[in-house]
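2 protein chains.
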Amino acid sequence: METEITKTECTSNLKNVIDALYVLNGKWKLPIVLSLVNSPKRFNEIMKDVEGISPKILAQELKHLEQNELVVRNVYATTPVSIVYEASPYSETLKDVLRTLSDWGAGHRKKIIG
Amino acid sequence: METEITKTECTSNLKNVIDALYVLNGKWKLPIVLSLVNSPKRFNEIMKDVEGISPKILAQELKHLEQNELVVRNVYATTPVSIVYEASPYSETLKDVLRTLSDWGAGHRKKIIG
Numbered sequence: 001m002e003t004e005i006t007k008t009e010c011t012s013n014l015k016n017v018i019d020a021l022y023v024l025n026g027k028w029k030l031p032i033v034l035s036l037v038n039s040p041k042r043f044n045e046i047m048k049d050v051e052g053i054s055p056k057i058l059a060q061e062l063k064h065l066e067q068n069e070l071v072v073r074n075v076y077a078t079t080p081v082s083i084v085y086e087a088s089p090y091s092e093t094l095k096d097v098l099r100t101l102s103d104w105g106a107g108h109r110k111k112i113i114g
Numbered sequence: 001m002e003t004e005i006t007k008t009e010c011t012s013n014l015k016n017v018i019d020a021l022y023v024l025n026g027k028w029k030l031p032i033v034l035s036l037v038n039s040p041k042r043f044n045e046i047m048k049d050v051e052g053i054s055p056k057i058l059a060q061e062l063k064h065l066e067q068n069e070l071v072v073r074n075v076y077a078t079t080p081v082s083i084v085y086e087a088s089p090y091s092e093t094l095k096d097v098l099r100t101l102s103d104w105g106a107g108h109r110k111k112i113i114g
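Residue numbers (this note's numbering), protein chains in the order written: chain A, 1 to 114; chain B, 1 to 114.
Quick caveat, the hints were computed from the structure, so don't treat them as lab data. Quantities reported herein were computed from a predicted structural model and do not represent experimental measurements. Some hints could be false.
[Stated by the list, open to error] With a cut-off of at most 30 Å between alpha-carbon atoms, the simulated DSBU-like pairs for lysine-lysine come out as follows:
#	chain 1	residue 1	chain 2	residue 2
1	B	K56	A	K56
2	B	K27	A	K29
3	B	K110	A	K29
4	A	K41	A	K29
5	B	K29	A	K56
6	A	K56	A	K29
7	B	K27	B	K48
8	A	K29	A	K48
9	B	K110	A	K95
10	A	K110	A	K95
11	B	K29	A	K29
Full structure from sequences and hints, please.
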């Protein structure tokens, strides 16, 4: 079923993947997005969900994801103020990336465990 | 068309994605694999293809990819010895991940450029 692709297409694919990883760089951004796709959460709830991340890195990653319009930070004027992060509508575009990565992670774990 | 998924499935997806990114961590591994999927290459040819990577990091990433059985290092007993890296048959399993990332990168670039 595979069609041959030209050298230009190869190079363009490579550039696209490099661009995607420039934005999604690191091991935490996609797990954070996935956690928020599952449901909106406060900072501490994300910390519990995404095991192993430090508060400093989580704060940094959330800021980066907000700048890239993948996460929305909602501030509610309660006392004390509540801040809830949610996946933006744009983050829906990552659905296929997350699905293929999840499938690959599951398969790779099986391969390693044997 | 989307079916509801349970909380357990959510958590399992998250764990799969974290596992996948643990192996594929960083912005270079997937571009290197993609470059080698396009055609087997020598070290210097990969350097040219994957723009911006340093020799030190490329050597490190190739070793990691070999350990994870995604890249094969072939040594030919010519004079001088030639070393050619190629994508392993197992790296085929990354095809869908690479495709979805490439699509997303292309779409995100369009969104940013406007």
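Checked hints:
1. B:K56 <-> A:K56: 28 Å, holds
2. B:K27 <-> A:K29: 12 Å, holds
3. B:K110 <-> A:K29: Distance ~21 Å between K110 of chain B and K29 of chain A Cα, so the pair holds.
4. A:K41 <-> A:K29: The hint holds at about 15 Å.
5. B:K29 <-> A:K56: With Cα atoms ~25 Å apart, K29 of chain B and K56 of chain A stay inside 30 Å; holds.
6. A:K56 <-> A:K29: Measuring from Cα to Cα gives roughly 14 Å; hence the hint holds.
7. B:K27 <-> B:K48: The given pair, whose Cα atoms are some 16 Å apart, holds under the 30 Å limit.
8. A:K29 <-> A:K48: 15 Å, holds
9. B:K110 <-> A:K95: Judged against 30 Å, a Cα distance of about 18 Å means the pair holds.
10. A:K110 <-> A:K95: 23 Å, holds
11. B:K29 <-> A:K29: Holds, at about 16 Å.
The structure is consistent with each of the numbered hints, conforming to all of them.
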